[in-house]
Each structure stands twice: as structure tokens, then as C-alpha cells.
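A.B. asks: Listed below, chain by chain, are the residues.
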Amino acid sequence: MPEKGNARMVGFKYEGGKSRAQKVNLSRKGAIDFRRIEENVNRKAEKLFKEARLMSLK
Amino acid sequence: MMSEHTSFSECKYPQIYEIFFSTDYFGDETVICSCIRKECVYSREWDYEYNEYYSRTIGGIFTALAMFENTIRDPQDSSLSDELKQKIESMTDSEKSIIYELIEEFPLKTISNSLSRISIRIKRDLETIYLGFIDLSPFGISEAYIAPPLWMKPPYYYLTCERMYFPDTTLRLKENNAELVNCVPFIKVQGEVAVCAQYAVRMALMILSQKPPTVPEIVFEASKSTLKGGLDRDQADGWYPDEIKQAIEDKGYGVHELNRFDICSCGNVLSIIRCDVCGVEYTLNSQFKSPNLENIYAYVESGTPVILGIKNTKWLPWWPDDDGEAHAIVAIGHTISEDNQIDGLIVHDESTYPYQVLPEKLENGMTIEKIVDSAIIPVPREVAVEYPVAKGIFEETVANLQEYGILNNIIYRPLLVDAHHAKRMLGEVVQRAGIMDCNIPENVRKDFLYAYMDRYVWMFELRYDTGAEHYRYAGDILIGTKFPALLGMNVPEAETYAFKENESDDELTFNNYSDEWS
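Sequence lines, in order, name chains B and F. FYI, our numbering numbers position 26 of the first sequence as 26, with every residue one higher than the one before it. FYI, our numbering numbers position 23 of the second sequence as 81, with every residue one higher than the one before it.
Calculated lysine-lysine pairs in the DSS-like style (CA-CA distance at most 27 Å, straight line):
#1 K540(F) / K44(B)
#2 K481(F) / K13(B)
#3 K428(F) / K13(B)
#4 K181(F) / K96(F)
#5 K70(F) / K167(F)
#6 K540(F) / K50(B)
#7 K419(F) / K13(B)
#8 K369(F) / K428(F)
#9 K504(F) / K540(F)
#10 K419(F) / K372(F)
If you want a taste of the chain B side facing chain F, the calculated C-beta under 7 Å gives, among others:
#11 G11
#12 F12
#13 K13
#14 G16
#15 F34
#16 N42
#17 F49
#18 L54
What the hints contain is simulated information worked out from the structure, not anything from laboratory work. In this text, all values refer to a predicted model and were calculated from it rather than measured experimentally. For glycine and all other residues, C-beta sits at the position ideal for the given N, C-alpha and C.
Let the hints inform the model, and build the full structure from the sequences given.
C.D. replies: Printed below as a string of C-alpha cells:
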């Protein structure tokens, strides 16, 4: 634990699932399929945004 | 007029003493406190309250007292019963003269249109510190621009809505002396004018702009356009959340709302929406936009005040233990525990006191989420993506990245920032609060400086807790606010970053740290 007054400790711990973690050699260029991640995330984003809008209707 | 004292109880202004006492303002410190009173200053807020409410009330009182005096002088000329007329006529002249004196000196016959400003300073050893000023109307505290209590400071207390304020020229204590004060402005409810909801709206607007509308202006405009019942609406009635939202939108802001779902009398949570045309049903996540600590924190940490609709005041630690009632207060900061958890909010309660701590864990197992019915947040109109949506996008991003074994056990700090701020954080060499080492390669920084960003972005700053004094930088994820989408990221662990080159681009540009930059 830091000493009093030294650091600003803010934030929340991310508690997501990690069970599907792969062994990836990160030093290899292109090891992570970022394009696929972007597509997944933006698909999910649309869904969440729609859900938030629907909630505003209630 | 200056008064100086070393003891609280010597304070000659009971309303100010009450604020200092209720906030334990000086904590363990022994200081010499001095107040300078300036009479007859003009205040827009008090002027509007006076002209919209009190001057009319005073006129009514004046007329009623004149009628009363005439009745005593000539009871036969009144519509009183014969029995009462006889009783008045039987009064002696000395009895009548007492009544005339009472009428003459009735306190509400005149109320000043100006108020007094009390400037407060303290002396600590050889140092003099200006704390700010409090405006006293004839009915008590009107507005207060005073610095947070002396003990309310990092690393346990953060007043994220604190700003530098300076009074209008005519209100300054000395000519050409700006008297700047770092504070979160506070306003006290005048019950004859309006109730907590309206004052909470005014307080949020005071925090966001230097010249906010007065409460009478807010109430009058809302009566015309928003309130159910229109101009006939009784000012003593509070506002419903949708009315607060509309009143804020009328002032040019967008509004985000965190609330829980309606619950049927049978106990079932109403979380299904059904299309009237095709009959398709949508089941919504009842926790998605819950007014919990994290969802409120995300806005407060961004410097945006959050209006909290409290179910019952009996749960608020600074309220008396009575039956309680629904209430509205404004969150202006947050607290951090000794083990580095965000464990509460700092609030202004316009009905009682400024700078109160609302802990996450209250008595009888209650939490902030349980006592807050809804939270209403004024945001720039361009910000269409609410925090719960941005958080969902962030979680999906991290979950995907974690599949590759990176970003495990991270700590994230969400912030709603303007593009300038985001570009500065990612594009310039800056020291970040609490992070020891945040070295972003030069080519990465330059790409972020030239990148397209929405006017505002949700920025999730990622950190690793190393157990040392400071966190280790783990990257940033940017979420758009105009449309719900990834807007960029920097992931040092994968030596990769992404940004949007042009607004019209459908996809992000992903680069590796080692890519040649031209």
C-alpha cells in the first residue's frame, strides 16, 4: 500500500472472464487479430446503444 | 466591518457557524478566522428571488396590515360580526396603541433588495488564506463560494467539480481585487421560492457555467414549457426526474440518466418492452443503467456534477433521524479509502450543508445504489453515448484482448474528456496522476495528434497495480460519444495502437510500434 498522500489511486478492477486466453507470441507482428476485435466490439456497441435507447423509452 | 476570533462559538453569524460546524470545517487545526462584512451588495440570484416572490409577498402583507389597522380604528366600517366590533370598541387606548406599534414594527413590512457578503479568511501561523465568501440574504444563506473543508483533500478526498471562481465586479470586496476562490459553488434553498429539485438544478448549472440562470428563471421557464400543470403548478411541489431532465435540456445541455426499472405492485421488475405493431418483445438488463457508485463516479471524476434523486432523507448521515422524504442533492467529488477503493461521494445538499460525505456503505447495509432512485447528469449536447454503453464497449474490447493473454488484472479509470484533453494525454509528453511511467513512443503520439476524434470521447485509462507507490501504465481505450464505436486504443503490451484517420473512415488504422513512420 502506498504511503499517505503520495499517489492518487483511482479506478476499478476489471473483472472480466479470461478462461479463453490463448498462448500467443506477442512479439510476432499480427499475433493479435485486431480487425476481428474491432468488428466484434462495434457489433456489441450497436446492441448496447440500442438497449440504452430502449431503456430511455420506459 | 471585520471580526476576528479563534473559537467557532465566537462567530457572530449563526448561519455561517452552522455550515462550519456541520462540515467540521477546520478539523484538528487551530486557526484564527476573520470575517469581513460588506453591506448592500447586489446578487442576481437574490434580486430575482426578491422581485419574483418576496416583493409581492411584502406588498400583500403591507396591504393586510393597513386593513387591520383601519379595522381597529373604525370597526363599524368593517365586515366583522357585531360581537367582534363591540369587543374592539371596548379596548382601551393603550391596548390599541400597542397594536399600532406592532403593526408599525412588523418585521416583514420591509425586506432589503440587497444582501450582505461575508468574506472569510484564516490565519495559519504567519500565512493568511482566503477561503471565499458567503452571501446572506434577509432570510439566511443565499449562495456560498467557499473552499472545501481544510481536511477534505487528497489522497482521500477529491473535489473533481472544483473550479476557480471570481465574483462580479460589483460584488468584490475591494475595487480591482478579483478575490479568486477555488471551490464548488453552493446555494441554499429558500423555501418560499422553490424546493430542493430546482435548487439542485441551479447548483449543477452553477458548477458548469459562470453565469447560470437564477432559480426563479429556471422555475418560470420550466412552468411555461415543462412542468405538468404549467403556470398553475405550486412551487412547493418538487420536480419529477423527467421534468428535471427537460429543464436542463432547455438550458442547452444534453442529459444522461441513470435509473432503475419500475417495479410492479406484485414485486416484478418491469424490464420488457413490447412493440405495439409486431409484438416483438425486448428484455432489458435491469442493472444496465443502475445509479450505482461506478456509474455516478464516471461522470463526477470527469468534473461533471450529478444530481442524485434520493429515495428518503433518513438514509443521509447529516439529516436528522425522522420519517424523511424524497430529496435531490448534487454529487461533486468522491472519496478513496485507505486500501485504495473508491468508497463514497462528496455532495452538496442545498437544503442543509455543503461538502458532505455520502459513503458507499451506509448504516443497516444500505448502499448508494439502494438509496439513489435516479441520477441525472447534464452533459454537452454532443455526448450521445452514455457511460454504461461506453463501459460495455470497453469491457468487450478488454475481454477480446484478454483472449490473447494480455491486460490481465488491470485497473481502469473512466473519463469523459474533450478531444483536446484526449489528444494531450496521448499526443504529448505528460505526467499522469498516479502513474509512474507513461512513455508513449513519439510516432504513436504524433499519430494521435493528427487523429480524428469526436468533440468529446470516453477515455478508459488502463493501469497495472504493481504494489509500488505508483501504478504502471497499461494503455488507453477511446470510445466515441457521437456514435457507439471504438475510436482508438493504445496497448503497449501488444506494442500496438489504433486511431481513426478521418471521420468518414469505417475502420480504425492499426499500427505496430515498430512500423516505420513517415
